[in-house]
Structures are given as C-alpha cells and as structure tokens.
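**Q** Next come the chains, spelled out residue by residue.
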Amino acid sequence: NAGVTQTPKFQVLKTGQSMTLQCAQDMNHNSMYWYRQDPGMGLRLIYYSASEGTTDKGEVPNGYNVSRLNKREFSLRLESAAPSQTSVYFCASRGLGTGSLVVHFGNGTRLTVT
Amino acid sequence: KNEVEQSPQNLTAQEGEFITINCSYSVGISALHWLQQHPGGGIVSLFMLSSGKKKHGRLIATINIQEKHSSLHITASHPRDSAVYICAVTSGPGNQFYFGTGTSLTVIP
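Read top to bottom, the protein sequences are chains A and B. Taken in order, the first sequence gives residues 1 to 114; the numbers are from the numbering used here. Taken in order, the second sequence gives residues 1 to 109; the numbers are from the numbering used here.
Check before you lean on any hint, since a few could be wrong.
The calculated label-pair distances, taken between Cβ atoms and stated as ranges, are [stated by the list, open to error]:
(1) H78(B) with G40(A): 24 to 30 Å
(2) A76(B) with G40(A): 26 to 32 Å
(3) P109(B) with N65(A): 44 to 50 Å
Because the hints were derived from the structure by calculation, they are not lab data. The structure displayed is predicted, hence computed values, not measured ones. Glycine included, every Cβ here is placed at the ideal spot set by N, Cα and C.
Hey, can you work out the whole structure from these sequences and the hints?
**A** In structure tokens, the structure reads:
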C-alpha cells in the first residue's frame with residue numbers, strides 16, 4: 001500500500017519548457033488535489049478533482065492544466081514554465097465516508113525553473 | 001486574509017523541553033488538522049480533531065471550538081521532532097482545506 005506517489009521528485013526546467021507531474025493513489029479516494037508550497041506561504045491549491053471526470057480551479061490555477069486520467073491518477077501540466085513556478089508541488093488525496101476528512105500527501109516534487 | 005494563523009513562526013528548543021505551537025482560525029470548521037513536514041520531506045497527518053483533545057505518544061493536540069483555537073504540545077522534545085508543523089482546517093460544504101504557514105521547530109541536543 002504505497003499511498004500517494006508523485007513523480008518526479010526533482011526537476012529543473014528552462015523557461016518555456018513543458019512538463020507533466022504525475023500523481024497516483026492506491027486508496028480508492030475520490031478527491032485529489034495539487035498544491036504548491038512557497039517559502040513563507042501556506043499550501044495553495046492549484047487544481048482539484050472531486051471525482052473521476054471532474055476538475056476545478058483552485059486559488060492559483062494560472063499557467064497549469066490538469067487531467068484526472070482515472071480514479072487513481074491526477075496529473076499536473078506546465079505548458080510553458082516560468083521562473084514564478086519554481087516551487088515544491090504536492091499531490092494529495094482524500095476519500096469518502098469515515099475518515100474522509102483526513103488528507104494524504106505525496107512526498108513532493110521540487111521544481112526549479114531557470 | 002488568512003483563515004488560519006499559527007504562532008510562533010520559528011521555534012528553537014533544547015532537547016527535553018515542553019513545546020507548544022498555537023493555531024487560530026476564523027472560519028467555521030468541520031475539523032482541524034495538524035500536519036508534520038520534515039526537511040526535504042513529504043507531509044504527514046498527525047491529528048485530525050473536531051473537539052477536545054487527542055494524544056499520540058509525546059504529542060498532544062487540543063481544540064477549543066468556542067475560541068477557535070488549537071494547540072499542539074510536544075512533551076520531552078527530541079531532535080527528531082525537528083520539522084515544520086502545519087495547522088489546517090476543513091471548512092465549507094466541500095470541506096475545503098485552509099492551511100497555516102507553518103511553525104518551523106528545531107530541537108537542539
């Protein structure tokens with residue numbers, strides 16, 4: 001039982017390059033999230049998916065796109081990376097029913113855009 | 001506007017000391033969460049509580065719903081407790097998360 005798995009762990013991009021951050025969970029959770037974490041700021045929601053087939057914008061969606069490929073997988077894409085997107089990105093998931101308020105995080109992706 | 005405020009931002013303690021981290025929130029909540037993040041590491045959930053008090057080993061979390069305040073206590077602190085501790089609340093019809101900016105704790109041997 002791996003929980004939430006994110007890849008890659010580290011990435012360096014040049015301005016204008018594109019990449020996709022992958023996230024998968026094996027807990028049969030309905031809700032999945034992408035957050036970014038910057039120094040001095042709390043985790044900020046980029047996009048979320050309340051269930052398979054649905055996605056919604058969070059607080060800071062500009063410059064990002066997402067795909068909920070199936071119930072397990074939720075990917076985040078940067079089409080044209082900018083230095084302002086240098087951050088640590090966390091994927092998270094949450095289920096339904098008892099304990100559904102508990103959130104499970106991946107180990108993060110440390111992205112640097114030069 | 002920050003829905004969740006934590007204090008202190010940074011905390012240094014000697015091994016063995018009793019530590020308290022505070023969290024205040026301004027929204028109605030369904031639950032309050034304490035999370036732990038080790039340097040360069042992922043984020044793990046320590047506690048989820050909606051009333052009273054919970055204890056896990058040397059960690060104790062309390063919440064006062066009327067005062068919209070929670071505390072995380074660490075008894076007999078140890079260098080391995082060095083981490084960032086994040087307070088978060090779930091609120092609203094979709095149980096959206098609101099996160100504090102974290103308290104960076106360093107425990108010196």
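**Q** Work down the list of hints and note, for each, if the structure agrees.
**A** Going through the hints against the structure:
Restraint check, H78(B) to G40(A): a C-beta distance of roughly 27 Å satisfies the suggested window 24 to 30 Å. At roughly 30 Å, the beta carbons of A76(B) and G40(A) sit within the given window of 26 to 32 Å. The supplied range of 44 to 50 Å is met by P109(B) and N65(A), whose beta-carbon atoms lie about 47 Å from each other.
The structure shown violates none of the earlier numbered hints.
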